[in-house]
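Using numbering that gives the first Met the number 0, you'd call the opening residue of the sequence shown number 0 and step up by one each time.
You can take every hint at face value.
Below, a list of computed lysine to any residue pairs in the SDA-like style, where the Cα atoms sit at most 25 Å apart:
| id | residue 1 | residue 2 |
| --- | --- | --- |
| 1 | Lys81 | Leu144 |
| 2 | Lys79 | Met90 |
| 3 | Lys23 | Ile33 |
Simulated restraints on C-beta separations:
| id | residue 1 | residue 2 | range |
| --- | --- | --- | --- |
| 4 | Gly110 | Ile16 | 17 to 23 Å |
| 5 | Val66 | Met0 | 21 to 27 Å |
| 6 | Val37 | Met0 | 35 to 41 Å |
| 7 | Tyr24 | Arg86 | 34 to 40 Å |
| 8 | Gly84 | Gly137 | 20 to 26 Å |
| 9 | Phe5 | Phe73 | 16 to 22 Å |
Hints are computed from structural coordinates only; laboratory data are not their basis.
We put the beta carbon where it would ideally sit given N, CA and C, even for glycine.
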Amino acid sequence: MTGIIFTVLCALILDRITKLICIKYLAGEASIPIIKGVLQLTYVRNTGAAFSMFSNSTRALAVFTAVVCVVLVFFMASQKKKNPGKRIYIMSLAMILGGALGNLYDRFAYGYVVDFVDFILINFAVFNVADIFITVGGAIFCCCLLFDKEIKL
0 MTGIIFTVLC
10 ALILDRITKL
20 ICIKYLAGEA
30 SIPIIKGVLQ
40 LTYVRNTGAA
50 FSMFSNSTRA
60 LAVFTAVVCV
70 VLVFFMASQK
80 KKNPGKRIYI
90 MSLAMILGGA
100 LGNLYDRFAY
110 GYVVDFVDFI
120 LINFAVFNVA
130 DIFITVGGAI
140 FCCCLLFDKE
150 IKL
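Work out the full structure, taking the sequences as your base and the hints as a guide.
Set out below in structure tokens:
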């Protein structure tokens, strides 16, 4: 259980720290190039979900995200019991939960999600650390389901 809590807290803390730095130093400023033509830091207020879908639906997205977080906690608890010893699988769920909670905090605190990682090489959506945790956790979760036939849903 401590590994799950640690993972969730790491996601939350890293997300909060990076967003607070972003708000302090990037809000109202021009983008800061990290790798010219590839990666830059750009302050963005995202009122939608991934790729700005459902823009200006912050309240509905906050409620939806809160419900998903509660469901994820119960799902994670059931999976921990059904799949003892499947640490990577359970940690992938903790990563998703931590990232979702990071973005949920923004929706309630600011009315939008703070995004700042701007991968301009392929004109990708601006994202944040919480999004990284959600994406990596989701990828690991899918790989576990695909390649570990012992996992019981």
